[in-house]
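S.K.: So you can see what is in the structure, the chains are spelled out below.
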Amino acid sequence: MNILLILLPLLPVIAAPLAYFLAARSRPKGYALLIGITGAGFLAAVWLLSGAFSGREVSLALPVWAGFGLTLRADGLRALYVTVLCFMWLLTSLLTPEYFIHGHSHSRYLLFTLITFGASLGVFFSDDFYTALLFFEVMSLASYPWVAHEEDNKAMRAAATYLAIAVFGGMSALFGLILLKARLGTLAFEALPQAVAALTDKGSLLVPGLLVLVGFGAKAGIFPLHVWLPKAHPVAPAPASALLSGGLTKIGIFGILVLTSRVFIHDALWGQILLVLGCITMVLGALLGLMSVNIKRTLACSSVSQIGFITIGIAMQALLRHENALAAQGTVLHMLNHSFIKLTLFMAVGVLVMKTHRLNINAIKGYGRNKPLLALAFFIGAASISGIPLFSGYISKTLLHESLLEYIHMAPETGWPLGLVPLVETLFTITGGLTFAYMLKLFIAVFIEKNGNPQVQAHYDSIRPAMNRTSGFSLALSALVLLALGLFPDALMTPLANLSLPFLRTAPPAHAVDYFAWVNLKGAGISLIIGIVVYLVVVRGLLMRTSSGGERRYVNKLPAWTDLENRVYRPLLRLMTSGGTLLARLLEDALELLLFRLVLRAYSSMAAVFGGREGKRTRIRLKHLADDPVQSPREMIGEAVQSAQAAPAPDETEDEADVIVHTSPDIQGPVRDHWVHGSPVSALVVILLVSLMVAGFNMLLSKYF
Amino acid sequence: MPSTHAWLVPVVLLVSALLTAGYLLPISISAFYDDPKKSVGLDRICATRLSSRMELPMLILVAALIGFGLFPGALIDFFQALAATLI
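Chain order of the listed sequences is A and S.
Take the first sequence: its letters are residues -6 to 698, numbered as in the numbering used here.
Take the second sequence: its letters are residues 1136 to 1222, numbered as in the numbering used here.
Simulated from the structure, these hints should not be mistaken for laboratory data.
Treat the numbers as computed from the prediction; the structure is a model and nothing was measured.
Ideal Cβ placement from N, Cα and C applies to all residues, glycine included.
Please note: incorrect hints may appear among the correct ones.
[As the list claims (entries may be wrong)] Partial list, computed: chain A residues near chain S (C-beta under 10 Å):
1. V57
2. A59
3. E144
4. A152
5. A153
6. L156
7. S165
8. F168
9. I171
[As the list claims (entries may be wrong)] A short list of chain A residues far from chain S (calculated; beta carbon distances all over 12 Å):
10. P90
11. V160
12. K550
13. R560
14. L566
[As the list claims (entries may be wrong)] Coverage of chain S stretches by chain A, computed from C-beta distances (three or more under 8 Å per stretch; other residues unrestricted):
15. 1142 to 1153
16. 1159 to 1168
17. 1204 to 1215
For reference, chain S alone in the conformation it holds in the complex (with noise of 0.2 Å):
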């Protein structure tokens, strides 16, 4: 890599990073937050519960994201060995 604009590819990474906050963030906020009379508050969402077979592969993907967060060694052991097998 050309190490004068080595710098380039983080720079790349992080805006798009950015930009994903950017568009992401507000749908959760206004989703949770944003004016109180018309949406749902998290509180009121227990109150309305929504159907184990709805809650269920949220919450397993929920706990994979932070599970493979916290420990993505086994993850990326599989996808190497999986490259290694195609290539």
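Chain A with its partners taken away, still in its complex shape (with noise of 0.2 Å):
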């Protein structure tokens, strides 16, 4: 059965175009397709997931393809994903032809997230950088048609963006791994290890690892290479948000884990980097989603935000070094939640915006207020994120919050260096507020407040039911998950998490943590209170104006300069492609200057050597080159080659005015124009100049290849 690991990417990626023709001509049997085929991919994920509980051993070499080989293999955490992704992938395709009823380019749709379906899973699959390199790519590329589904200038202008960072960090990751590859000899995950340790200048390993960082670092969505989440995620239809804020993100965390685990071992500089870079996306996604107005921005909001206690965790991860379990526990079971969480929640965005086709929570206000199951889901979801005992994100929270106490209980004992973990401790707990706030923003205007326009609540009264029975089944059963997970941790979460320690390079921690003592509630505790304390202050007091007609209403009073993408990186974008196409200009002039010159020369040498000595020289009309330095070379050799043709034979009586011309170029006066010829000396030295650099270049050529 080893061959599963490649047909369970490759298959999604032939059906693709099956699906595409199928759906463009009926939409049924395309979307039973998709279903079909994600239905498949998830039992064929369970298979492999219980052989990973039994220890059966599935792994897959295909040396030819490729070029270099693709290795796969499912173990724990690998499997564990694979099964995620399917199940994420098969809910959203339940949700999709109710979404999709009014929508367009439904096939185009179906066809792009087959492929982003399959190359996906092919990460997961990966046994080696070189493998999930190849399948990143795809799914990255893949992924596009998604952001720009709607085609309007804000779908497009995501898009944009997306792509660009997108194609940025894939070279960016290319590049490091080419490092990795010089420096180590090896992309194998399960050679790394050890031949990082047979390195002895470990510090030239810093460079690739952060270059290999940035490429999956971007599609994670880690600060400052964030910028495409908030944008993209919210323009994309729902199923596909769900998609990338719950499943795609996860896939950038899996390099860094990899990278983490196996290249920068315990490595505590790394450990830091990974720290900062976390605590900063986690604040600045959480304050970013505080103040948005529009649901699905703010859910993106949100995912950078638990992106960042994802990365934290994999810092402690490096940080804690033997004693990293908890951490390694907290980060595998948050990525889990975070993808139920997402799903949960865009998937009820969805089933909300396919009704009402609004996304702004003043508009779409009052709108699940007699809609039970909606109004469940949502509430599971966002109790969830929030960290809320008794339900699943409490756990992973706990577990890593655990692990920054654990930090700054052991350094004073071992000596380590403390440093910035006390305050990352008590950002995380705040943010954790921030998180209980936003959420409670989102589902008290949607579920508990009444529209400001009667007519309007009058109407979303009246839709009813919210979804067909498809779509519901799939929003209660990802409901369901993550309820289950929450209420039975010990029973559902331990044991997944334990399952994931093994490629983490970790054992289970020696004691298991009691969710429910009295510290790890109290933590919960202050952070919900601090999250009341934001909602009742900030939320209702400093974000929200009394309009005209009385209504209270929910505004965006983000500053427009903080736009890190219109302030920095797209002016950034111009000026270096500017300052490029400048460069790239004069470069061209000045060669084609020189060349101008040197073919010249190298051409009245030549006639003077072979036209004779009896003074039948071939000699060309042109302006001095100096006299006029803001003439193009083209125009010159235009005017050059007119004035050639036009000019009458030249006098005999001449040709000894011109040897002084061409001897002092420095003659000052009214002539302009005169004559360039050669002599055999000039010509000799022309071809040698020639062969000269023919030769160096030969030589640069060879030295590289």
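Got two chains here, each in a separate frame; can you build the complex from them with the hints?
M.R.: Here it is, written out as structure tokens:
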């Protein structure tokens, strides 16, 4: 059954064009194919996951494929995440038919959804960085049509940003991997730790590592390359938003996990870098989410923030060294929770958007008032992400928090540098509060408050049922999984976390964490109290304004200058393109000029040599190059050719004067036109120069290839 | 190769790849996406089919691209053999 490892990524890609043409003829058949493939994938993934639990080894090496060969493996974390991705794709496929009832380009959507599906599975199956990067790039490009789907200005702009960062990130990762391979001699996950151990100069791995981090971190949405995420996720169709936020960000995290567990093993500097990046990402995402008045944007910013939490978990794996089991468990479980949470929340929003076609929370206010399933699903997602006890997010956040506390407690004894960790711990608690505040804002606005316009509210109340049975089943199942994870953490979450630990190269903790111990409940309680205070003071106070009609409306008071993309990246890119164009232009002109002079010299020299000594020299009339430097070579060639054609047969008596002009080019005076001609010596010099250039170029080439 | 400048080779290759992406991708994007009122979407391209004589070469080329990308071994061997006979 090892062949499954390549069939799972490949079959969806092969089926994608089929689905495209099928859907163009009959929509239901296209959707059925999508559901069939994702469903079959899910069954296969469950089989692999059960194998991972029973210790069955499933791996596959395809040496001929893609030049360097592909290696695939499905062990703990990889089998788990492939199952999670298949589950997410299956549930969103169930929602897709109803969501796209009034949609357009549904066949294109199916085509790229299936390609992205296969490629995403491929990344998680990969057993070396080369395979991972191949699938990563396919996934990265194939998900572009999701973002551009609506084809309006906003979507096209967001998609352009997405693509630019995806291409840049991919190139950066590729460069990093080339350097890594040069230093270590291997990119196979299993061989990396040994290769690193054998290396004497570990510092030389930092630059390649950071380059790879840029690539995978950009996909995950880590600061400062998070800018695409709050723009791209909201404009995509809701099923795709769920997959982008819940699924594809984890692919970026996967790469960082491999780097941390296999290249920067227990590396303090690497840990500190990730800690700082994670901390900024966590706080920034939460603040942006708090400000936003677009429900999908809030959820996307929340994804940035949660990726920050996960990054902190990865950082603690590096910093805690051999005691990093809790951090590893917390990281995996928070990844898992975030996937299910964003699946539930984005599907709930999709159900809402497909009826209202509005995303502004002032417009959709009151929509969910009499829709119990929608409200319940959203509530479970919101409660989980806020870390309320008995919901799944509480467990993973508690583990991550424990790992921070562990470091603070142990640092003085072992002499480890305490550094930033106490500050991070404070920010962690505060950001937990902010998370609760922005989820409260969404939930109260959509499901509790009444719309400012009674007619709109009456219209909203009349929309029932909120969704069809298939969509309802999909949303309910997603929320149910989340609920079950939170209610039975010891039976469900701990085994899944422990299953993933070997991949992170750590052993289960010596003693299990009592999730509901007083100290952990207290930590969550402090976060929740901060959240309520922030909600009452900031959201209800500062972020609301009374409109002319007397209605309290939510406003986004985020100043425009905070937009990193519009204020920094786009101007920088413009500067680089215009600078690059200018440079290329100058270089081109300079080369042309040089070549032109050279060719001219050579030509007249050769004419002098081969044309005979009797004065029958071939000459070209041209302006003195130094006289008119602004004129472009092309124009000069044109003029020279013209003048050469128009020039009358030269007088023999002019010959002597030419030599003078030629030998003293600095001559001042009214004479602008002169003759250039050469001698046998200059012909030799030119030939020598050209051969030298060719030889030099050859040497350069042979050195590199 | 001087080890201090070894990194220059991939940098040059990657910058040129980046530039290629920069000027090629916008073409396909504006062909298939930009301004839905003016340009033709993928769905509509299917409605107004190209003649098979135009479609076939494109399909063959795309299939060859994907095929040689997945299995470049044969191609590389062929050119190596060719180069060996020439040198």
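S.K.: Hint compliance check: list the failing hint numbers for this structure, sorted ascending.
M.R.: 11 and 14
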